[in-house]
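2 protein chains.
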Amino acid sequence: MVFKYPNGQEYKPQALVQRKLQASSQSRRGMSLEADINVANEYYRKEKIAVIYKKPTPIQIVDVDYPARSAARITKAFFRQASTTDYNGIYQGKYIDFDAKETGNLNSFPLKNVHEHQVTHLQAIMEQGGLAFMIIRFTQRSETYVIWANLLVEFWQNQNVERKSIPYKTIVDHGALVPNKLQPTTPYLDAIDTLIQTEKRSPNL
Amino acid sequence: MVFKYPNGQEYKPQALVQRKLQASSQSRRGMSLEADINVANEYYRKEKIAVIYKKPTPIQIVDVDYPARSAARITKAFFRQASTTDYNGIYQGKYIDFDAKETGNLNSFPLKNVHEHQVTHLQAIMEQGGLAFMIIRFTQRSETYVIWANLLVEFWQNQNVERKSIPYKTIVDHGALVPNKLQPTTPYLDAIDTLIQTEKRSPNL
Numbered sequence: 001m002v003f004k005y006p007n008g009q010e011y012k013p014q015a016l017v018q019r020k021l022q023a024s025s026q027s028r029r030g031m032s033l034e035a036d037i038n039v040a041n042e043y044y045r046k047e048k049i050a051v052i053y054k055k056p057t058p059i060q061i062v063d064v065d066y067p068a069r070s071a072a073r074i075t076k077a078f079f080r081q082a083s084t085t086d087y088n089g090i091y092q093g094k095y096i097d098f099d100a101k102e103t104g105n106l107n108s109f110p111l112k113n114v115h116e117h118q119v120t121h122l123q124a125i126m127e128q129g130g131l132a133f134m135i136i137r138f139t140q141r142s143e144t145y146v147i148w149a150n151l152l153v154e155f156w157q158n159q160n161v162e163r164k165s166i167p168y169k170t171i172v173d174h175g176a177l178v179p180n181k182l183q184p185t186t187p188y189l190d191a192i193d194t195l196i197q198t199e200k201r202s203p204n205l
Numbered sequence: 001m002v003f004k005y006p007n008g009q010e011y012k013p014q015a016l017v018q019r020k021l022q023a024s025s026q027s028r029r030g031m032s033l034e035a036d037i038n039v040a041n042e043y044y045r046k047e048k049i050a051v052i053y054k055k056p057t058p059i060q061i062v063d064v065d066y067p068a069r070s071a072a073r074i075t076k077a078f079f080r081q082a083s084t085t086d087y088n089g090i091y092q093g094k095y096i097d098f099d100a101k102e103t104g105n106l107n108s109f110p111l112k113n114v115h116e117h118q119v120t121h122l123q124a125i126m127e128q129g130g131l132a133f134m135i136i137r138f139t140q141r142s143e144t145y146v147i148w149a150n151l152l153v154e155f156w157q158n159q160n161v162e163r164k165s166i167p168y169k170t171i172v173d174h175g176a177l178v179p180n181k182l183q184p185t186t187p188y189l190d191a192i193d194t195l196i197q198t199e200k201r202s203p204n205l
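Respectively, the protein sequence lines represent chains B and L.
For the first sequence, the numbering used here begins at 1 and goes up steadily by one.
For the second sequence, the numbering used here begins at 1 and goes up steadily by one.
Same shape as in the complex, but just chain B (with noise of 0.2 angstroms):
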């Protein structure tokens, strides 16, 4: 029997075996994206390239217990929803502005992983002139791009009328990969440089 992806390519176990090893063999085994980009933002820091921090996540308080000053004990609070997305700072004189995102899947970026308030958010920061984009990684492939996000944008608004999620060819033809290194493991200013220089921009722009 034959399994097939949605866009008609064969599955095939082997290479996906294959994949799962060399990745199980990378420095970053087991370290989610999230703290992949930690890591490299406290590198980016320390070496004064960049200061890039995660936002904190934002909590409703509702109830407080003052034992002491020094430890105030939240005792009821709540999650909200963040307006913006999770990451920002300054990178070469440059405002910087980004959401990364894991994906389980082989050959698509679904819309789902995005909120309506990120993407609204990235547009306003692309008509400031600053340099907004997303962290894909396809977790299956260990490989991580960079794309505008002009990219995400176009594809967010098309999604009633076209595809609900990003190729993964698309992702490859208008991104960049962040390469591996050692320190930092994910360097994703380096895929920002490589999308700087080569000028690339999403297919319709």
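Quick caveat, the hints were computed from the structure, so don't treat them as lab data.
The C-beta atom is built at its ideal place from N, Cα and C for all residues, glycine as well.
Careful: at least some of the hints might be erroneous.
[Claimed, not checked] Cross-link-like lysine-lysine pairs, in silico, BS3-like; alpha carbons within 27 angstroms at most: (1) 94/L with 46/B; (2) 55/B with 181/L; (3) 48/B with 55/L; (4) 76/B with 54/L; (5) 169/L with 46/B; (6) 54/L with 54/B; (7) 55/B with 112/L; (8) 94/B with 46/L; (9) 76/L with 48/B; (10) 55/B with 94/L; (11) 76/L with 76/B; (12) 94/B with 94/L; (13) 54/B with 46/L; (14) 169/L with 54/B; (15) 54/B with 48/L; (16) 112/B with 169/L; (17) 76/L with 54/B; (18) 181/B with 112/B; (19) 101/L with 169/L; (20) 169/L with 101/B; (21) 169/L with 55/B; (22) 54/B with 94/L; (23) 169/L with 76/B; (24) 94/B with 54/L; (25) 46/B with 55/L; (26) 48/L with 94/B; (27) 112/B with 48/B; (28) 76/L with 55/B; (29) 54/L with 55/B; (30) 55/B with 46/L; (31) 101/B with 55/L; (32) 54/L with 48/B; (33) 54/B with 101/L; (34) 169/L with 181/L; (35) 94/B with 55/L; (36) 94/L with 48/B.
[Stated by the list, open to error] Selected chain L positions facing chain B (Cβ under 10 angstroms, derived; list incomplete): (37) 49; (38) 55; (39) 58; (40) 76.
Please build the complex by placing chain L on the supplied structure of chain B, with the hints as guidance.
Chain L only, in chain B's frame:
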């Protein structure tokens, strides 16, 4: 009996009363500097002048109840020390980063209102070519100023051998007054424009 300020200036209760009356007649009556800045940021985003947000307060979450996925409830958490300033974003294509502080003092801004990590972070932003500054409100005067971070850094680094505060006069001379407007009430980017246009720098830079 005559009261005098540490700098020898005479205490004038009448002037103070008048200032308070002025303050209470303004539309920002009862609003904190933080609330004013949030209103300004909303206005700037709506008018596509800038995209600036206050960062969420960092919280260390210890226990969470999951009665239902949509209503995850945090039952034990603690406030964490922030490693950056409270605000950042993009204005006219430039990365901007700042903190905002109020003081009840009349004639100086005490450096104890500022934390070491905030100064370190603002220095890192300056090194990267970003616009780093402080918004300081003298609540008794109902006056709000913007100063470049290098003025703050200079006084911060000398506080063990010199004074532990920035004189009001220094802030007036080297900073820019935020004008009073109807919308937004605290248009602090107007003061940034003034600082950029007049190329005001800190005394020794």
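Given hint residue 54/L paired with residue 76/B - CA-CA distance at most 27 angstroms: 22 angstroms, holds
Restraint status (C-alpha distance of residue 46/B to residue 55/L at most 27 angstroms): 22 angstroms, holds
Distance restraint between residue 54/L and residue 55/B, which requires alpha-carbon spacing of 27 angstroms or less: 10 angstroms, holds
27 angstroms Cα cutoff - pair residue 94/L, residue 48/B: 18 angstroms, holds
Given hint residue 94/L paired with residue 55/B - CA-CA distance at most 27 angstroms: 19 angstroms, holds
Distance restraint between residue 94/L and residue 46/B, which requires alpha-carbon spacing of 27 angstroms or less: 22 angstroms, holds
Given hint residue 169/L paired with residue 112/B - CA-CA distance at most 27 angstroms: 55 angstroms, violated
Pair hint outcome, residue 169/L versus residue 101/B [Cα-Cα no greater than 27 angstroms]: Given pair residue 169/L, residue 101/B is violated - Cα atoms ~50 angstroms apart, limit 27 angstroms.
Proposed proximity, residue 112/L with residue 55/B (alpha carbon, max 27 angstroms): 25 angstroms, holds
Hint consistency between residue 55/B and residue 181/L [alpha-carbon to alpha-carbon, up to 27 angstroms]: Answer violated: residue 55/B to residue 181/L is near 31 angstroms, above 27 angstroms.
Residue 54/B paired with residue 46/L [C-alpha distance capped at 27 angstroms]: 24 angstroms, holds
Satisfaction of hint between residue 94/L and residue 94/B, Cα-Cα up to 27 angstroms: 6 angstroms, holds
When held up to the earlier numbered hints, the structure conflicts with 2, 5, 9, 14, 16, 18, 20, 21, 23 and 27 and fits the remainder.
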